[in-house]
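> Chains as they are written, first to last, in this note's numbering: chain A, -5 to 379; chain B, 8 to 335; chain C, -12 to 376.
Just so you know, the hints here were simulated from the structure itself, not pulled from any lab data.
Check before you lean on any hint, since a few could be wrong.
Stated by the list, open to error - So the derived label-pair ranges between C-beta atoms look like this:
{"#": "1", "chain 1": "C", "residue 1": "Ala157", "chain 2": "A", "residue 2": "Ala61", "range": "54 to 60 Å"}
{"#": "2", "chain 1": "B", "residue 1": "Glu108", "chain 2": "A", "residue 2": "Glu218", "range": "22 to 28 Å"}
{"#": "3", "chain 1": "C", "residue 1": "Arg61", "chain 2": "A", "residue 2": "Ser144", "range": "33 to 39 Å"}
{"#": "4", "chain 1": "C", "residue 1": "Ala73", "chain 2": "A", "residue 2": "Gly350", "range": "25 to 31 Å"}
{"#": "5", "chain 1": "A", "residue 1": "Glu218", "chain 2": "B", "residue 2": "Asp157", "range": "15 to 21 Å"}
{"#": "6", "chain 1": "A", "residue 1": "Asn320", "chain 2": "C", "residue 2": "Gly247", "range": "44 to 50 Å"}
{"#": "7", "chain 1": "C", "residue 1": "Val66", "chain 2": "A", "residue 2": "Gln152", "range": "38 to 44 Å"}
Claimed, not checked - Here are some, though not all, of the chain C residues that point toward chain B, as calculated from beta-carbon distances under 8 Å:
{"#": "8", "residue": "Leu(-1)"}
{"#": "9", "residue": "Gln1"}
{"#": "10", "residue": "Gln210"}
{"#": "11", "residue": "Ala218"}
{"#": "12", "residue": "Pro220"}
{"#": "13", "residue": "Arg222"}
{"#": "14", "residue": "Pro223"}
Glycine included, C-beta positions come from ideal geometry on N, C-alpha and C.
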Amino acid sequence: MTAVAVAVASLRRVVRDRTALFFMIALPLVVILIIGATVRGFSTFRVGVVDEGAGRTGTELVAALQAAPDLRVRHYPSVGAASRAVARGEVSTAVVLPRGMDTDLRAGRTVAVPVLAERANSTQQAAAAAVAPVLAAQGARIQAALFATSAGAGSVDQNLERAGRLQATLTQVTVASRTAESRAQTLPEGFSYSAPTMLVLFVFLNALTGGTLIIENRRLGMYERMRAAPLGPATIIAGEALGFVVIALVQSVIIVATGAVVFGVSWGNWPAAVALIVTWAVVGAGAGMVSGTVFRTPEQATAIGPALGMALAMLGGCMWPLSIVNSVMRQVGHAAPQAWAVDAWTALLARGGTLGTILPQLAVLAGFAAVLLTLATLRMNRVIR
Amino acid sequence: MIQERAQAAVAVRAGAPPPPVLVCAGLTKSFGGRPAADGISLAVAAGEVYGLLGPNGAGKTTTIRMVCGLLEPDAGSVTIQGRPVGADRSVKALIGYVPQEIALYPDLTGRENLMFLGRLYRLHGPLLAQRVAAALDVTDLAERCDERVDSYSGGMKRRLNIAAGLVNQPALLVLDEPTVGVDPQSRHSILERVKAFAAAGMSVLYTTHYMEEAERVCDRVGIIDRGRLIAEGTRRELVSRLGERDRIDLVVSGDAGRLAAACREVPGVDEAAAADGRVHLVTADGRRVLPAVLEKAEAAGVPVGSVEIAEADLEAVFLHLTGTALRE
Amino acid sequence: MPPALVVAGKDLRQRLRDRSAIVIGVVAPLVIAAVMSLAFKGAEQFHFSLGVVDADHGPVAAGMIRSLQSPGVRSVLDVRAEPSAAAASAAIRSRRIQAALVIPAGLSASVGGARPVSPTVLTSVNNALAGSVTESIVGSFVAQLNADRLSVATALAAGAPPGAAARLQAEAARLTIPEQLVDRPLGARPIRVISYYSPAMAIFFVLFLISYTSRSFFVDRSQGMVERMRAAPIRPLDILVGKALSVFVFGLVSLVVVAGLTTVLFGAYWGSPLAVGAVCVAMTISIVCLTGLVIALARTQRQAEGIAGALVFALALLGGNFVFVSASPDIMRTLSLFTPNGWAMRAFTDLSTGGGGLGTAALPVAAILGFSAVVAVIAGLLGRRAVTA
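Construct all of the structure, not just a fragment, from the sequences and the given hints.
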């Protein structure tokens, strides 16, 4: 089939071009690695700790903070360093354990533990609120020991030990929690987040910049030559489209395989995943061919392609979950095909969805593909004549 | 201004022989031990077109680059109007350089390209505008000079390429294969212009591997092969070196190389060489050797399409001197 | 006009004529900043709605609800009454609220006894943080109840007469835990998405000048343009300085234009103008030097495109132009300080949050210039042939 020959020519040119391979394979994998390692913490706070010489109570408190499931602790040498870290966003807040805290508490003096947080900054306040119960649990033992001692029974140290034992056995007023909504709307964190979103981003972006192949063919007069051979426009267009789809599929397979093997990503129900990958490759092919016929110079395609690809990826929820943006932007975002692809991946990876679950998304994506390919065919028809 | 110079040239021609504008003495350059130019000496007078004729890779471009100060010679020197090219950059202002490639910015207009290059020659203000206008005028580009170069036809780009070498009104215009890839009509107009520049008093150093071009425009020709200038003179001088000889060109449809080898055995054939489907012969008497040559062709099984017998020309001179055809 | 300026002027004219250069230098960063600013409008600060079901109606429940409305947490959440746990669950599923607190009947009465009942927080996997913040705030309130109960139990265990239990309970109720968190303001603005990503995207797209310029250099050279310029009575250095100057001017102008427009249009805050200017100048100088390095390393246009492309993305990834580098693991933050854009991002982060002027920018600017000097020396050693050959 002659269309295959056209496709093979495109493929061969891409494989020979080391720069293209870098952008197709190496860059997506590196981005998956970096974003996967970075984008964590939708459910934890990073908290800084400055120990100014608080003594034993301080050390115990740090251990308790580290043990808290929703906190991650970083140490800073001074209040200045911690303040900078909070301002830069390295941590959401920082706790300062004052000098002599241990002695003061045992002597019955109330100790103010400064927490670096602006009143107006709700993220910092929320992190501070998460630190409070850890502090209170420790304070409870001290309050109890001091109270017992003042009631005339035993020394502070004895009573501290007693309080510690009792705290473990005494029935406490607890705060129970129950999940009222378990249908996850975002991808799991880490590589399971970065791999599918970056797959969506790079297949599309790569196809847009891949439009240069068509532009170069136009400039080199390759289509003239093909048409001089007994090839109809339909064959040429089909061949180019096939080339784009195959390139996108090769790229997807490498990303999916590396994601699974190296980053331990589970791609969910496989028939559904395959259907989604193929559909997305066809959407990408349509976009790539539109880019190849709309842009006039390779420079335009390589300049505007990535910018457009990134903007659509941001709108479509590849860079951050659409559940965290405001509702208007959530709706606007679904004008980008990326949003539907990410929704489908979320259904597969976060909720264990199957082919049936993602049929609506696949249908919408097929619609996008149909529109793009029709547009591309119309433009190509004009371009290659 | 061009007229003034022409008058000066005429005045000089009438009297004593004018001092040469360009003098190259023993120019030598090798790349990685392989000599590209080997002791090339030549001089070009004002109003003279000097052609460097030789096949591709003979050392023409190397020589030209040394003349323009783009390449430092290993040995030898170049002077323009008595001033050495090299340390003193201002000497470069006397040279107009037209490289073989179309060295122009496709995204700028013709005029913008010339203005830019003119400024590099420290021209500015009304003088720059005037020079640019003159260069555009003389190359017939004034009409479309405000369009982007990438919209020009191949011939227009070639002409603009030459115009760019004229902006600084050089004493010496150096043209490196200015007609490569140009249609016959544009080639004709380019050659006519080169003649006109010389008539106006400009010295022209012109490289080509087209013998017909060298015959048409050059007052004198230097034949260059493998880095050496092997002969020099006017066309008549060069041709007379061959004595009364003829050139036979055979257009063949078989293995030209085999036929050339066979023809060397024919008594009376002095030189034989093959080049793109042709066999070139140099002989004392064309009519006498032709039957023997055609016999050889038949014997070798190389069909001959056409035969041309002509008086000796530069092509024959080159063949005679080097034993190879000019275009290989 | 000095030849270097002539070359620079010509380069800039070409750049301005090419629409893709303007798209990359100005339009692209603005579009992306606009998307970010719209996406995070009103969604940037952590805030949620909390449903409260009060089936207790006692003093402990009242105290608990008051703690959820204290000044410290008022910016974090707003409280909405819900009639029942079922209604609250439904509200969570329909995203009207992000978490709910169910205070069971009899909580106030049970606190004094041996088997106290517990309040329950209803959570959603889609906003785990809202659930855990609610648990923390209620936990802090409950901690005081537990502390009081523990105090009585400890005193009794230490040997206080059992008959004194009622008196001890009354006394303990007046206690407060002796460790209290107090807010200490930072005097810093919060880091905002638009203020981080405006410079991040501006720098990312200005990095493309490296690809663009090195590519055009090799195109010029293969077209014989460099040769033609060298035939003119100018020094090779003039050509280099001219090219460098045009990169510098274009880079600086696009950074400054993007800074101005994102500030005016999207309310980004880059920092004090003088310090921002210093960082932009340093950053642009590093781009000039990196361009020189690519030209020195590459031999063909293709190679230049490849090297520059890889370099641009490597720098952007390491320097934090894509990911918020402050929140990254330590190794990422360290690696970012090996890139000029990483230092620039740190400078812009500090300037936009901590205020500060040239003093804040001094160390990053010095680091970027140091990086540039090293790159320039390497490029100079490698690149003599680039212009002369």
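> Evaluate each hint against the coordinates.
Each hint tested on the structure:
1. As the Cβ distance of alanine 157(C) to alanine 61(A) is approximately 34 Å, the hint placing it in 54 to 60 Å is violated.
2. A hinted range of 22 to 28 Å for the beta carbons of glutamate 108(B) and glutamate 218(A) is consistent with their spacing of about 25 Å.
3. For the hinted restraint 33 to 39 Å between arginine 61(C) and serine 144(A), the CB-CB distance of approximately 36 Å keeps it satisfied.
4. As the Cβ distance of alanine 73(C) to glycine 350(A) is approximately 29 Å, the hint placing it in 25 to 31 Å holds.
5. Against the hinted window of 15 to 21 Å, the Cβ-Cβ separation of glutamate 218(A) and aspartate 157(B) comes to about 19 Å, which satisfies the hint.
6. Checked against the hint of 44 to 50 Å, the C-beta distance between asparagine 320(A) and glycine 247(C) comes to roughly 26 Å, which is inconsistent with it.
7. Remark: the range hint 38 to 44 Å for valine 66(C) to glutamine 152(A) is upheld by a beta-carbon distance near 43 Å.
8. About 12 Å separates the beta-carbon of leucine -1(C) from the nearest beta-carbon of chain B, more than 8 Å, and the hint is not met.
9. With a cut of 8 Å, the hint placing glutamine 1(C) at the interface with chain B holds, because the nearest CB-to-CB distance is about 5 Å.
10. Annotation: interface hint on glutamine 210(C) holds; nearest CB of chain B at approximately 5 Å, less than 8 Å.
11. Taking 8 Å as the C-beta cut-off, the interface hint given for alanine 218(C) holds, the closest approach to chain B being about 4 Å.
12. Interface hint at proline 220(C): satisfied, since its Cβ lies 4 Å from the closest Cβ of chain B, which is below the 8 Å cut-off.
13. Checking arginine 222(C) against chain B by beta carbon gives a least distance of about 7 Å; that is within 8 Å, so the hint holds.
14. At its closest, the beta carbon of proline 223(C) sits 10 Å from a beta carbon of chain B; the interface hint therefore is violated under the 8 Å criterion.
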